[in-house]
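Peer 1: Read off the chains here:
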Amino acid sequence: MSESDGPADDQPTVLVVEDEEELRRTYELWLAGDYEVITAAEGEEALELVEDDVDVVLLDRMMPGLSGKETLAEMQDQGIEAKFAMVTAVEPDFDIIEMGFDAYLTKPIDEDRLRDTIESLRSQEAYSDALDEYTSLLAKKETLKARKSEEELTESEAFAELESRLAELEAELEDADSGAGDDAGFVAALRSIDEGAQRTEPEES
Amino acid sequence: MSGVTNDGDAYHLGSSFPVAEARTQTPGTTLLVTGPQAVAERAAYEILLAGLEAEEGIVPVSTDRSTADLQRELADHSGGGVDGRLAVIDVSGESADVESPDDLAAIGRELNGAIDRIDVPRVRIGVLSLTGMLDPLDRSGVFKFCHVVQDRIDDAGFFGIATLDTEQVKEATVSMLQEAFDGTVEVQEDEKGDLVRVVGLPDAPVTWHDWS
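If you're matching them up, the sequences are chains L and Y in order. End of the first sequence = 205 in my numbering, gap-free, step of one. End of the second sequence = 1212 in my numbering, gap-free, step of one.
Mixed in with the good hints, there may be bad ones.
Here are some chain Y residues the structure puts well away from chain L; computed CB gaps all over 10 Å [what the hints assert, rightly or not]:
no.	residue
1	S1015
2	P1036
3	V1082
4	R1085
5	R1117
6	A1156
7	E1167
8	S1212
Below, computed lysine-lysine pairings styled on DSS-like, alpha-carbon distance capped at 30 Å [claimed, not checked]:
no.	chain 1	residue 1	chain 2	residue 2
9	L	K140	Y	K1170
10	L	K141	Y	K1192
11	Y	K1170	L	K145
12	L	K69	L	K107
13	L	K148	Y	K1192
14	Y	K1170	Y	K1192
No lab work stands behind these hints: they were computed from the structure. C-beta: ideal position from N, C-alpha, C; glycine also.
Using the sequences plus the hints, can you model the full thing?
Peer 2: So, in structure tokens, the structure goes:
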């Protein structure tokens, strides 16, 4: 990993959207060692700064101008595929998850909880990517099995590669955290399938 | 993850379950029940209701009939004693729980709610049936749903089953969905009655047994 400040860094990118300057600085300080941190003081600014390579967006719920929820909706309209965490002063209900957030943090936030949440969101992303690929390869495998004879499949190198990739992905899925371990995460994990289904339809041409 | 016979934490499939090696399952296990709709359903009722004796919570997710219908059938099947440890989630659109089986986030929320309401540490979840989800979703969507639910069940140490009607669903789809479960309970019926065998569980032989 290089010491450069350039955008070509390998570190995952976190966008922090928070109107209180002190908090914004604190989060940045905590995260700067391991992440590329971008900060914005309000929703509008965040919309200008956000790019496709942002991995996690931390959105304060109550901000002047665009609220966290509105900012999220705009980003989703733009097709930003980051994971979103809402920072809120009150314990939220599942509605937050159904709005499209993948996690929430209740203020006051400490460094460990912030890091844990971001890591868990990154792991969820890895899980959902692996699950997407696993599912589509599994569908492909079943299609091949239905069309080709057992012998043709045994002799096919492509089929052997497919099988070995499936085994790899299976191991990845075992390791990755789906986020389904807690109530909110479970709903968020299922919601991301819903969205994925809508994005990829129609599939299996 | 399955096939343990001497574990006090195990989930019992009921004393009538004919495959002795598979009669107890470790927490976190999920099984797919495949066969003609009516036979698979009878099997699923047996397996779910076996949890009542063990003071477990039972959460059926109904994709194709109303809560009242399913409760009635479960009560008939159990000989009456279905109490507060049963919470049916109706995702068929017949009631207000969830509008349609493709609203996965809403199903997840209802599942959490039902598990909270029952308030016991051990829970059996049964999706009756996956066939009803394959219409609004495609097989890939249903597979991913099963995978996430399995992960949740594994984390929580619950036990889960789902039924799939092999007469309505292509073989390739059955075979794909099987991959999201720890094992498969295959059922069929002949002139003498119901037959069952288990596939994919480490210690259980793959042979047909009478289930009467």
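Peer 1: All the hints need checking, so say for each whether the structure fits it.
Peer 2: Hint check:
1. S1015: For S1015 of chain Y, whose nearest Cβ neighbour in chain L is about 32 Å away, the distance exceeds 10 Å, so it holds.
2. P1036: At about 21 Å from chain L, P1036 of chain Y clears the 10 Å cut-off, so the statement holds.
3. V1082: Fine: 25 Å to the nearest Cβ keeps V1082 of chain Y off the interface.
4. R1085: R1085 of chain Y is indeed farther than 10 Å from all Cβ atoms of chain L, at 20 Å.
5. R1117: Holds, since 13 Å exceeds 10 Å.
6. A1156: 8 Å, violated
7. E1167: At roughly 17 Å from the nearest Cβ of chain L, E1167 of chain Y sits farther out than 10 Å, so the non-interface label holds.
8. S1212: 34 Å, holds
9. L:K140 / Y:K1170: 14 Å, holds
10. L:K141 / Y:K1192: Since the Cα atoms of K141 of chain L and K1192 of chain Y sit roughly 37 Å apart, the hinted pair is violated (cutoff 30 Å).
11. Y:K1170 / L:K145: 12 Å, holds
12. L:K69 / L:K107: With Cα atoms ~17 Å apart, K69 of chain L and K107 of chain L stay inside 30 Å; holds.
13. L:K148 / Y:K1192: Violated: K148 of chain L and K1192 of chain Y sit about 37 Å apart, past 30 Å.
14. Y:K1170 / Y:K1192: This hinted pair holds, its Cα atoms lying about 27 Å apart.
Going down the numbered hints, you'll see the structure goes against 6, 10, 13, while the others check out.
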